[in-house]
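Q: Listed below, chain by chain, are the residues.
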Amino acid sequence: DTEVTQTPKHLVMGMTNKKSLKCEQHMGHRAMYWYKQKAKKPPELMFVYSYEKLSINESVPSRFSPECPNSSLLNLHLHALQPEDSALYLCASSSKIGRANTGELFFGEGSRLTVL
Amino acid sequence: AQSVTQLGSHVSVSEGALVLLRCNYSSSVPPYLFWYVQYPNQGLQLLLKYTSAATLVKGINGFEAEFKKSETSFHLTKPSAHMSDAAEYFCALQTGANNLFFGTGTRLTVIP
Chain R
2 DTEVTQTPKH LVMGMTNKKS LKCEQHMGHR AMYWYKQKAK KPPELMFVYS YEKLSINESV
62 PSRFSPECPN SSLLNLHLHA LQPEDSALYL CASSSKIGRA NTGELFFGEG SRLTVL
Chain D
19 AQSVTQLGSH VSVSEGALVL LRCNYSSSVP PYLFWYVQYP NQGLQLLLKY TSAATLVKGI
79 NGFEAEFKKS ETSFHLTKPS AHMSDAAEYF CALQTGANNL FFGTGTRLTV IP
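As you go down the protein sequences, you meet chains R and D in turn. Residue 2 is where the first sequence starts when you use this note's numbering, and the numbers rise one by one after that. Residue 19 is where the second sequence starts when you use this note's numbering, and the numbers rise one by one after that.
Chain D with its partners taken away, still in its complex shape:
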């Protein structure tokens, strides 16, 4: 079975501090993995994706994620949090040709 697990439904960081949002996956085939961000009352926007090329993936807004097969992880990081980063973040796994399975989400709060 394929699944993603996001550790921590809420994460709070101070402005300027490191952001680390955790995602672990389970997949019987080489996975395609994604991070999406959702701002209040909006749809989802793709931050970055891993599709079996480079294991360190850089995305928009200064975010990056590293695919670690040995740890079955795809954690999202950003060196310095900004107030505008406050949002809900979803890790997702492609489970079929046209289907994404989303994790339960992590709400990021940035404290001034």
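In isolation and in its complexed conformation, chain R is listed as follows:
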């Protein structure tokens, strides 16, 4: 069983809806990530939070809005999405950040988003 929990597992939304994806980890990790994975493609980094502060934002459209309420939780707020935003959204965490980070990420099972 994964130690990074994502909800919901599946989400269908219209282009005018507002929804949120949630991610939770209880491993004491201080870095959390959102990745987007299109079908048959590798994951692409969207956001990184270190110590609850946004540290990397890979030029993601503003219709995606991340939020890190505390060190265990990471949300991704969705508004006015487009059909091309349909993808698997993966949350991950890591125990180390900065120069000490050797890149080992723990991934959740993902939230599969369909935008109609």
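Note that these hints are calculated values from the structure, not bench results. Don't take each hint at face value.
With a Cα cut of at most 25 Å, we get these calculated DSS-like pairs of lysine-lysine [what the hints assert, rightly or not]:
1. K97(R) <-> K76(D)
2. K19(R) <-> K54(R)
3. K76(D) <-> K86(D)
4. K67(D) <-> K41(R)
5. K67(D) <-> K37(R)
6. K37(R) <-> K19(R)
7. K97(R) <-> K67(D)
8. K19(R) <-> K39(R)
9. K20(R) <-> K39(R)
10. K23(R) <-> K39(R)
11. K76(D) <-> K87(D)
12. K10(R) <-> K20(R)
13. K42(R) <-> K67(D)
Here are some of the chain D residues that sit facing chain R, going by a computed Cβ distance under 8 Å [what the hints assert, rightly or not]:
14. L64
15. L118
16. G121
17. G123
All C-beta atoms, glycine included, are put in the ideal place defined by N, C-alpha and C.
Position chain D against the provided structure of chain R, taking the given hints into account.
A: For chain D alone, kept in the frame of chain R given last:
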């Protein structure tokens, strides 16, 4: 620029045969390299990692990889394929303190 290239988007092997998945990298600094596996409808799981210690790295499920600086390669191998090894495999390179860059992936099919 830093990048990883996975040769072969699909690899098929017979059950019990050798598995070889290829990964080449480009990096201006000593790289950290990783292999992740993704089973259908699941997230990614770390198989093994190279972080400048031993060049032959052993991972979970009988997989191992060898870092070869002269060939800029980090190929993944397993002596004997099992049906449960069928999955998507991603080679990844750490490009910054908090960023992994993934290769395009190789889908492994194991034929009974």
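Q: Indicate, hint by hint, whether the structure satisfies it.
A: We went through each hint and held it up to the structure:
1. Simply put, K97(R) and K76(D) have alpha-carbon atoms about 22 Å apart, close enough for the 25 Å limit, and the pair holds.
2. Proposed proximity of K19(R) and K54(R) is supported: the alpha carbons are some 23 Å apart, at most 25 Å.
3. Proposed proximity of K76(D) and K86(D) is supported: the alpha carbons are some 15 Å apart, at most 25 Å.
4. The hinted pair formed by K67(D) and K41(R) meets the criterion: a straight-line CA distance of about 23 Å does not exceed 25 Å.
5. Restraint check: the Cα-Cα separation between K67(D) and K37(R) comes to about 22 Å, which is no more than 25 Å; the hinted pair holds.
6. Proposed proximity of K37(R) and K19(R) is supported: the alpha carbons are some 18 Å apart, at most 25 Å.
7. For the hint linking K97(R) to K67(D), the alpha-carbon distance of about 15 Å falls within 25 Å, and the restraint holds.
8. Between K19(R) and K39(R), the direct Cα distance comes to roughly 21 Å. Compliance with the 25 Å bound is thereby established for this hinted pair.
9. Distance restraint check for K20(R) and K39(R): the Cα-Cα separation of roughly 19 Å lies within the 25 Å cut-off, and the hinted pair is therefore satisfied.
10. Among the hinted pairs, K23(R) with K39(R) is consistent with the structure: their alpha-carbon atoms are about 19 Å apart, no more than 25 Å.
11. Between K76(D) and K87(D) the CA atoms are separated by roughly 17 Å; this keeps the pair inside 25 Å, and the hint holds.
12. A threshold of 25 Å between alpha carbons decides the hint, and for K10(R) with K20(R) the separation of about 13 Å falls inside it, so the pair holds.
13. A hinted pair counts as satisfied when its Cα atoms are at most 25 Å apart, and K42(R) with K67(D) qualifies at roughly 21 Å.
14. Given hint, L64(D) at the interface with chain R, holds; its Cβ is 6 Å from that chain's nearest Cβ, closer than 8 Å.
15. A hinted interface residue such as L118(D) counts as satisfied when its beta carbon comes closer than 8 Å to some beta carbon of chain R; here the least separation is about 5 Å, so the hint holds.
16. Checking G121(D) against chain R: minimum C-beta separation of about 6 Å stays under 8 Å; hint holds.
17. Proximity of G123(D) to chain R holds as hinted, the smallest CB-CB distance being about 5 Å (cut-off 8 Å).
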